[in-house]
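Asker: As given, the protein sequences belong to chains D and G, one line each in that order.
Going by our numbering, the residue at position 103 of the first sequence is 330; the numbering climbs one at a time, nothing skipped.
Going by our numbering, the residue at position 208 of the second sequence is 275; the numbering climbs one at a time, nothing skipped.
Calculated directly from the structure, the hints in this document are not laboratory data.
Mixed in with the good hints there might be a few duds.
[Said to hold, decoys possible] Derived lysine to aspartate or glutamate pairs resembling DMTMM-like cross-links, with alpha carbons at most 20 Å apart:
#, chain 1, residue 1, chain 2, residue 2
1, G, Lys274, G, Asp289
2, D, Lys512, D, Glu276
3, G, Lys213, D, Glu276
4, D, Lys327, G, Asp181
5, G, Lys306, G, Glu284
6, D, Lys252, G, Asp212
7, D, Lys252, G, Glu324
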Amino acid sequence: MTIYADLSTREAYGKVLVELGKEYKDIVVLDADLSRSTMTKYFAEKFPERFIQCGLQEQNMMSIAAGLAASGKIPFASTFAVFAACRCFDQVRVCIAQPKLNVKVVATHGGITVGEDGASHHAIEDLALYCSLPGFNVVVPADAIETVEVVKAAVTTEGPFYIRLGRPKFPAVYKDGYRFNLGKAVTLREGKDATVIACGIMVSKALEAANNLASQDIDCRVLNMPTLKPLDEGAIIEAAMQTGAIVVAEEHLIHGGLGSRVAQVVAREKPVPMSFIGINDVYAKSGKPDELLQRHGLTAEAIEQAAKVVVAEKTR
Amino acid sequence: MADLRTGAKFDLSVPELEKMARQLRRHVITMTATAGSGHPGGSLSAADIVTALYFKVMRHDPKNPQWPDRDRFILSKGHAAPILYAALAECGYFPVEELSTLRKLGSRLQGHTDRTLTPGVEMSAGSLGQGLSFGIGVALAARLDKRDYHVYVLLGDGECEEGQIWEAAMSAPHFQMDNLTAIIDHNGLQLDGRCCDIMGLESLADKWRAFNWHVIEIDGHDMSQIVQALKEARKIKQKPTVIIAHTVKGKGVSFMENNVDFHGKAPTPQEAEIALKELA
């Protein structure tokens with residue numbers, strides 16, 4: 228029995244794939260010379276006949292995955308998020324998205340917390356790209372336990388998935404027993420003055436910010452929104468109606484990702500003051516993950532300040 | 068000739084295949100002329116290859132397009148959709164009358180192939196370079212499922228300028244795929260002109276040989292050679308086969324042959340009339 232809670236999201240992915248591989252004989256795993264980083268190596272060791280090492284051929288890998296899916300397999304294709312999104316976008320678009328094939332793209336090393344490898348390896352556009360594809364399910368788990376649940380859901384839900392995981396260990400948000408529902412946000416904390424909507428590594432920071440705000444008499448709701456697509460519009464509208472101010476936090480460009488998608492719903496249904504925590508139209512540089520999060524304002528403090536601003540704007 | 072729309076076995080003789088290829092060419096002319104757009108040139112050059120596959124070599128059942136043991140034909144050069152649709156219709160996957168809906172709003176026959184709409188179409192294509200990789204995936208699935216179907220992928224020669232083709236060319240022999248055959252419709256022309264002027268491809272045969280494929284070169288309009296090469300490909304073990312089929316773009320219609328203008332342009336009604344006479 229694997230204890231997932233203390234693992235990084237990619238480690239949790241690698242371990243749960245092995246468990247799922249025992250039960251689902253149609254799971255096939257593909258990797259592009261990164262199995263020791265994406266952690267598909269565990270599956271490769273256990274089920275070598277169902278592991279396809281594609282070498283440094285990401286485009287080939289995505290089209291092969293499509294061919295496998297068209298033949299009844301459940302392919303998981305893994306590489307770093309920068310390559311999964313940018314290097315083979317056309318293959319994903321034409322071979323997978325347009326025919327709605329049952330391919331699960333699980334990308335690790337999302338965002339800037341890749342750290343020292345620098346801008347070429349920082350995936351900050353991947354969510355915008357995958358969310359732009361009609362019919363794709365796009366999910367960003369908040370921790371290892373949620374990752375396990377998301378991967379299980381991907382196996383049992385027909386259709387293409389993009390699941391974005393991280394390189395470092397994310398602080399635990401959930402305990403064993405958590406059940407993920409595709410397309411549903413999770414209210415982690417109730418509140419009436421403002422709502423922070425977050426995904427991925429920013430969820431734990433949102434909770435920290437809400438705790439700090441509570442001591443300043445700001446009652447802040449926190450929504451974990453792991454599914455960017457299909458979006459839980461109901462939870463967003465409710466947050467706008469009931470709390471009147473929204474902050475969105477994500478480890479991604481502020482355009483094209485969760486923030487943009489939430490804003491579109493808010494603008495259409497119930498305009499309220501909003502603020503966006505994310506990377507502001509720049510590429511990050513090499514540095515330690517925490518240094519980069521600090522440099523680009525992806526912190527609990529930044530969320531806290533943004534929440535205060537939108538709460539103040541409500542009364543103007 | 069056997070009635071092909073009653074599920075009869077597709078095993079035509081060479082003269083019957085040649086007759087069928089002419090029939091498919093006529094469909095290509097009529098379809099693209101009716102649509103007012105499309106890619107007749109590369110459909111006509113591939114007509115004999117597609118005919119040999121669907122009416123002689125491949126194991127398939129139009130009554131059961133999803134038959135798990137069917138041989139697969141993957142049209143990587145998706146713009147040649149008209150020749151595939153013509154073959155599928157003549158086999159009985161859908162009514163021949165439906166061919167006239169090509170490219171029209173609401174039609175199952177899209178400008179480039181769409182596997183979600185058209186019975187018998189294996190792959191959604193249209194962005195060049197992806198079909199051989201897709202075919203590898205289908206062939207790997209056969210190996211995992213211990214099925215003995217064969218996968219045929221039709222590539223354009225211009226398409227071989229795409230980098231992904233060479234990713235697939237490198238990986239298929241690495242995976243020792245002997246249930247996969249690539250066929251290159253080597254008509255020497257692409258949209259902007261002659262392949263040799265646009266981006267030098269030669270020697271194609273040496274390149275594929277260097278990538279460890281079994282290479283067969285044929286006249287892609289000689290039905291006996293096509294059938295023989297396809298049979299030979301199935302016998303090669305431990306490595307994939309590529310058939311380089313030397314063809315003529317626009318083959319069968321005098322004013323379309325070797326005419327780059329008909330890569331992506333439909334014949335006018337007057338041109339179509341002349342073409343159909345030549346193909347009678």
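Asker: Does each hint hold? Answer for all of them.
Answerer: Structure-based check of all given hints:
1. Distance check on the hinted pair: Lys274 (chain G) and Asp289 (chain G) sit about 24 Å apart at the alpha-carbon level, beyond 20 Å; violated.
2. Annotation: proposed proximity of Lys512 (chain D) to Glu276 (chain D) is violated, straight-line Cα distance about 40 Å (limit 20 Å).
3. With a C-alpha separation of about 12 Å, the suggested pair Lys213 (chain G) and Glu276 (chain D) falls inside the 20 Å cut-off, and the hint holds.
4. At most 20 Å may separate the alpha-carbon atoms for a hinted pair to count; Lys327 (chain D) and Asp181 (chain G) meet this at roughly 11 Å.
5. Between Lys306 (chain G) and Glu284 (chain G) the CA atoms are separated by roughly 17 Å; this keeps the pair inside 20 Å, and the hint holds.
6. Among the hinted pairs, Lys252 (chain D) with Asp212 (chain G) is consistent with the structure: their alpha-carbon atoms are about 10 Å apart, no more than 20 Å.
7. Under the criterion of a C-alpha separation no larger than 20 Å, the hint pairing Lys252 (chain D) with Glu324 (chain G) is inconsistent with the structure, at around 51 Å.
Hint compliance for this structure: hints 1, 2, 7 are broken, all remaining hints hold.
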